[in-house]
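With chain Y fixed as given, assemble chain D onto it according to the hints.
The primary structure of each chain is shown beneath.
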Amino acid sequence: MSNVRVAGVGLTPFGNTPERTGRDLFAEASIKAFEDSGVPRDDVDALLYGNFMGELSEHQGHQGPLMAEAAGIQAPATRYESACASSGTAVRDAVMRVRNGEDDVVLVGGAERMTNLGTAGATEALAIAADDLWEVRAGTTFPGAYALMAQAYFDEFGGEHEDLAHIAVKNHENALTNDKAQYQRAIEVSDVLEAPQVSSPLGLYDACPISDGAAAVVLTSEEYAAEHDLDAPVAITGTGQGGDRMALHDREHLARSPAAREAGTEAYADAGVDAADVDLAEVHDCFTIAEVLALEALDLEPIGEGITAARDGRTTADGETPINLSGGLKAKGHPVGATGASQIAEVAKLLAGTHPNSSAVEDATTGVAHNAGGTVASATVHVLEVTE
Amino acid sequence: MTDSETGVQDAGFDDWLDAAEEGAAYYLECPEGHGSLPPRRVCPDCGSTDLEEVQLPETGVVETFTVTHVPTPAFEDDAPYATAVADFGPVSLTGQVVGIDLEGIETGLEVELEITVSETTGERVIGFSPV
Chain Y
1 MSNVRVAGVG LTPFGNTPER TGRDLFAEAS IKAFEDSGVP RDDVDALLYG
51 NFMGELSEHQ GHQGPLMAEA AGIQAPATRY ESACASSGTA VRDAVMRVRN
101 GEDDVVLVGG AERMTNLGTA GATEALAIAA DDLWEVRAGT TFPGAYALMA
151 QAYFDEFGGE HEDLAHIAVK NHENALTNDK AQYQRAIEVS DVLEAPQVSS
201 PLGLYDACPI SDGAAAVVLT SEEYAAEHDL DAPVAITGTG QGGDRMALHD
251 REHLARSPAA REAGTEAYAD AGVDAADVDL AEVHDCFTIA EVLALEALDL
301 EPIGEGITAA RDGRTTADGE TPINLSGGLK AKGHPVGATG ASQIAEVAKL
351 LAGTHPNSSA VEDATTGVAH NAGGTVASAT VHVLEVTE
Chain D
1 MTDSETGVQD AGFDDWLDAA EEGAAYYLEC PEGHGSLPPR RVCPDCGSTD
51 LEEVQLPETG VVETFTVTHV PTPAFEDDAP YATAVADFGP VSLTGQVVGI
101 DLEGIETGLE VELEITVSET TGERVIGFSP V
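Heads up: the sequence lines are chains Y and D, in that order.
So in our numbering, spot 31 of the first sequence is number 31, and the numbers just go up one at a time.
So in our numbering, spot 30 of the second sequence is number 30, and the numbers just go up one at a time.
Hints in this document: simulated from the structure, not taken from any laboratory.
Everything numeric in this text was worked out from a predicted model, so none of it was measured.
Ideal placement from N, C-alpha and C gives every residue a C-beta, glycine not left out.
It is possible that some hints are incorrect.
[To be verified] Where chain D lies over chain Y, by a calculated footprint (3+ residues, C-beta under 8 angstroms):
| id | stretch |
| --- | --- |
| 1 | 118 to 130 |
| 2 | 136 to 142 |
| 3 | 188 to 201 |
| 4 | 246 to 257 |
In isolation and in its complexed conformation, chain Y is listed as follows (with noise of 0.2 angstroms):
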């Protein structure tokens, strides 16, 4: 079985955009990877492309033949949604085809478009990811079906608006190196406590902003790294998934994720790791309640005490395990089907110290990237290990 390199990796800027097509944004993503990893596009044996809402934002599906044509590969190309944790499940599908042989350069990544659509449009667009007739019809949106966990949470664990306020800042401050952020701006904790209720317990701050944006990573075989000499010192060596029931009111727990955790246990089996080897990750922060449910089901915080983890700096860029240097899904920003990609580019550059953040973390060697889609039905978890 052969490791899996990250070859190149490649982002646009996340933000606001609404002219820009998907097209356009996946293809400035995969030449900024191509010429980061040195592979050349005929070498691509596949694309494998997330992307949640494009029926809707932009009445295009059958995306993959698109995508492909956009970065200039002639390989067949296939298109994954998992909501938001569709890139993520790309990444995973890559990451098995250079094990297994089948493939050894892969063109992974995600775009989405979301502005277009406008405040309600993008509300109404995220919140087909639960389940329509049971959970939709009766006014579930993205951001509530999230507050019902953290309401939940508080219920069963304690902890406060305050304590997720922490998450929020600690992402933003993490934002300000970050040039492809869409928010470099720091935030204080009054300004999430006073900012516009969403939906209670949960305001406008504890939420990640409706972005445009497009990520690509180039995977190879390790034996492709060698024979073409690439500067490719991260591999992915452990990859899970994990799914639950659909529908929130469905799960055993309202305030845990338990695919989260079914996938975070495969990942690090696959690696040989395990949560005491963490030295950073980046986790699916949709919503601040959604860092709490990821670092609990990722073993990296105890049950019921990651609330605490931003607030007693234990997350924070100087704390023992640094959460979402980047900047998180709260300030860097959510375009939903590139998410998961972009969470892997990350992990890479920090690990390879090649990131304005990697300074927080200069002698780390293991990371993860944690995707979930929905209220966490679908979840991967990727190990990324410094290899040379």
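Just chain D, lined up with the frame of chain Y:
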């Protein structure tokens, strides 16, 4: 696509709303005792295809709730409104809490099913009202 746009019903789901409006809401039960909601042919817990309609318990308990201020367009005129997950025993449901001030809603509140309508679209909505 909503019913009013096409006139087409969602078999199983709209039948369930019809029954709930008549005070005859039900859930589906397999021989192992797992509860689930229609439309469904297979028990999601154990794969049994032997599903039987059983009367839903009269009351449920609010497990968690939220007051939504930023709705989807389908609930534009309804906001702010409260959504809750209520545990009815064999199954839990998501619904809007009605018949009580938003400030009065809390976890543990005992509720019964009450099918209401969206002020925005006129569509039927699963609701919970305090017992």
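We went through each hint and held it up to the structure:
1. Check result for the stretch 118 to 130 of chain Y against chain D: holds, 6 residues qualifying (beta carbon to beta carbon below 8 angstroms, three or more required).
2. With 6 residues having a Cβ less than 8 angstroms from any Cβ of chain D, the stretch 136 to 142 of chain Y passes the three-residue criterion, so the hint holds.
3. Three residues within the 8 angstroms Cβ limit are the bar, and the stretch 188 to 201 of chain Y against chain D gives 6, so the coverage statement holds.
4. With 5 residues having a beta carbon nearer than 8 angstroms to a beta carbon of chain D, the stretch 246 to 257 of chain Y meets the requirement of three or more and the stated coverage holds.
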